[in-house]
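Given the structure of chain A, go ahead and fit chains B, C and D onto it with the hints provided.
Here's the letter readout for the chains.
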Amino acid sequence: MSVAETIARRVAPQLADGEVANLGIGIPTLVADHLPPGRAVVLQTENGMLGVGPTPTGAAVDPNLVNAGKLPVSELAGASYFSSSASFAMIRGGHVDVAVLGALQVDERGRIANWSVPGRPILGVGGAMDLLVGARRVIVATTHLTKAGEPKLVRACSFPLSAERRVDLVVTEHATFAVDDVDGLTLIELADGTSFEWLCEHTAADFAVARALRRAGA
Amino acid sequence: MSVAETIARRVAPQLADGEVANLGIGIPTLVADHLPPGRAVVLQTENGMLGVGPTPTGAAVDPNLVNAGKLPVSELAGASYFSSSASFAMIRGGHVDVAVLGALQVDERGRIANWSVPGRPILGVGGAMDLLVGARRVIVATTHLTKAGEPKLVRACSFPLSAERRVDLVVTEHATFAVDDVDGLTLIELADGTSFEWLCEHTAADFAVARALRRAGA
Amino acid sequence: MPARSSKTLTASAAAALVARGTTVMVGGFGLVGKPLTLVDALLGNDDAHELTVISNNLGEPGRGLGALLCEGRIRKAVGSFFTSNPDAVAAHAAGELEVELLPQGTLAEAIRAGGAGIGAFYVRTAVGTRLADGRELREIDGVPHLLQHALRADVALVRAARADALGNLVYDKTARNFNPDMASAARTVIAEVDEIVEVGALAPGEVVTPHLFVDHLVLAGVAA
Amino acid sequence: MPARSSKTLTASAAAALVARGTTVMVGGFGLVGKPLTLVDALLGNDDAHELTVISNNLGEPGRGLGALLCEGRIRKAVGSFFTSNPDAVAAHAAGELEVELLPQGTLAEAIRAGGAGIGAFYVRTAVGTRLADGRELREIDGVPHLLQHALRADVALVRAARADALGNLVYDKTARNFNPDMASAARTVIAEVDEIVEVGALAPGEVVTPHLFVDHLVLAGVAA
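Chains as they are written, first to last, in our numbering: chain A, 1 to 218; chain B, 1 to 218; chain C, 1 to 224; chain D, 1 to 224.
Be aware that a few hints might be false.
Each computed BS3-like pair below joins lysine-lysine, with the alpha-carbon atoms no more than 30 Å apart [stated by the list, open to error]:
hint	chain 1	residue 1	chain 2	residue 2
1	D	Lys76	A	Lys147
2	B	Lys147	B	Lys70
3	C	Lys76	B	Lys70
No wet-lab data here; the hints were simulated from the structure.
Remember, predicted model here, so these are calculated numbers, not experimental data.
Excised from the complex, chain A in its bound form (with noise of 0.2 Å):
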């Protein structure tokens, strides 16, 4: 199982039968592959969907029916479809249940940077910012590290933010944090092979440790 799928599988428990939530773009959008069985989420996406179905194959593939990553997706049974307006509303409305999103970094107090990099113009930000300040609750899947190895999780973003608002569950393949207003980040799940102190090597963050830490298979 790659990284990413690992991070995915992760996340899916997290979500609850009968909630709707939005998968972003990359690691995000694998959780629906993930979800234990019978648990019936119901996917949105931003372009203006609700009731995504899994990936379709062959002649199945409709070039008008996509996800916010343009790849080609199908229609679940009591699908809907409503304009770009129609599906922020909904989003910035509070009546999305959860956004899983991907991040560049994580500050200490569980804010996010995940749509600009410093010293490179800003000319893309798509619909994360939307998602944050509107989903009822955020969930970050992202690799505990960048390419080049660095910690994503910081004390503070050197990226620029792209919320005031903090998520509320961090998973990357390492570890799981819960975020809260007074502990910011609290380890919740060590995965199995990971030790405590390649964690703490590895997180530029603080974080607390929850008492009932659990141990998770990878």
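Relative to the frame of chain A, chains B, C and D by itself:
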């Protein structure tokens, strides 16, 4: 022919082929029955419909199909239904060509009062103000005098104004006035059987007289 | 065969969700598209008093919201046209009914804004009229506009034609009116419908209110 | 048999309505729901230069709006995501393309506001971020919001699945996206469609864009 129908018949030719019109409650609603044959005016009603058809009879009456006066209407081919917010988005956004409205008073700049009476509590406004700011053209269809025999065209409205925006045309059973920003009211048509002297006596607003003043059959 | 939905409630169970002193949106334009089964069920909820009602009208004397008004359960009404019910005029004159009057388009837009996470907006309607008294005025591109805050409610009672078992809604003709806007703008949304159909029976391109807005479904005309 | 409509134009006649220095909205999310026939026809309009384009993206290199960009016809772009086209990044770096970046939801809402006669609105999105730089901040019910003005255009190019002869539009699946919003927010609205059907062939409850918004219809894939 009743006075109301006389007025409606004088308004009808002012609606051009292909225009989208919103007809207010009362006399304005009657305009639909007097459109010249072959003139395709599309009627919008602010409770959420485009393509309003004539009053149905008998079994064709549908309690879920009414105009803004809550009177039964019918559906023409090419009609559409939409929510109240979408309907007023249409109106305010300048997508309705012409509104025909009633008036309690019209001032000499062509501004109207049509929603509230001094001394009575303000408990109803409906969609009149929205139509006055949003319709590209506004035509007033009103009796020349109040039921008490007082002129409705006055120097300044003693009733509260419905908008700062002036209307474009004022049609009564006795006369038609064009309105512009420079001259205010200009008499352009006088009904057969109405003398200029009678009109001056029963019009409290100053008005100009068009060089090409027309006589029109009642 | 009608479909079963986990969102289905009886009218009285739905009415019980309206607590004393809360704000309730009620769809409809006059009695057209009004959730009359739900409104009537409110009369049986002894806790439904001191309500703020957001609705274009207040029904007719003794009918719809007019019946609630007769029983003195409405403390404040927010809407655009209350003069059609003489009881509302009398209650206001007697100091028993507070009224907030908005142009109909501003009312509809404020409800939509409430559901869309828009805090407030600027609109030209009512500038220079008595409805502008006490309101913030601002020029935008040289044109005066009034500030209007979004409206939200604790509970919305809406009327639709059909729901599927998930709660997707479609409306009938001009009975649509304020219902889709209100279905987006309350913490708890209850839809009164003629019929509940199987999931998949509504075409995805025709759904007007997607199911994520709808908490409960009640069958119209079934009082229990 | 396809229906005839008095609103029908050829793609080149429609493209000729875009004048030098004007603002053009272009529907679509990436290339999905993009009016590609109309965009391609713009290349044949020698007056279509110095344009301000309001569109979520700027196409792909050499495709859709990307082709217009390659020819240096776009002076300014207003949208939410231009990084998907490296040519846009390069044009911006070279000082040849001005960019106004908005969160996607704020972009869509500003377009809707432009069509709805709303002057401006307050939104929480982007508060505290670099996209808030220089923007007016205001607390509403204790929560900071940013002011966003409405967006309008001279011409909107939208993509729909079907029109009836009056110009009523319906869309296909996620090809709907920005198209209905843009169809409301421009002085001249041109819809590229796969098919024009008889008046009455679209169910009144399913029409997404009523015909009063639509000025001209162009058949997709017909270049002349």
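How the hints compare with the structure:
1. Lys76(D) with Lys147(A): Given that 30 Å is the threshold and the Cα spacing comes to 34 Å, the pair is violated.
2. Lys147(B) with Lys70(B): Between Lys147(B) and Lys70(B) the Cα gap is close to 24 Å, so the pair holds against 30 Å.
3. Lys76(C) with Lys70(B): Roughly 24 Å between the alpha carbons, so the hint for Lys76(C) and Lys70(B) holds.
Hint compliance for this structure: hint 1 alone is broken.
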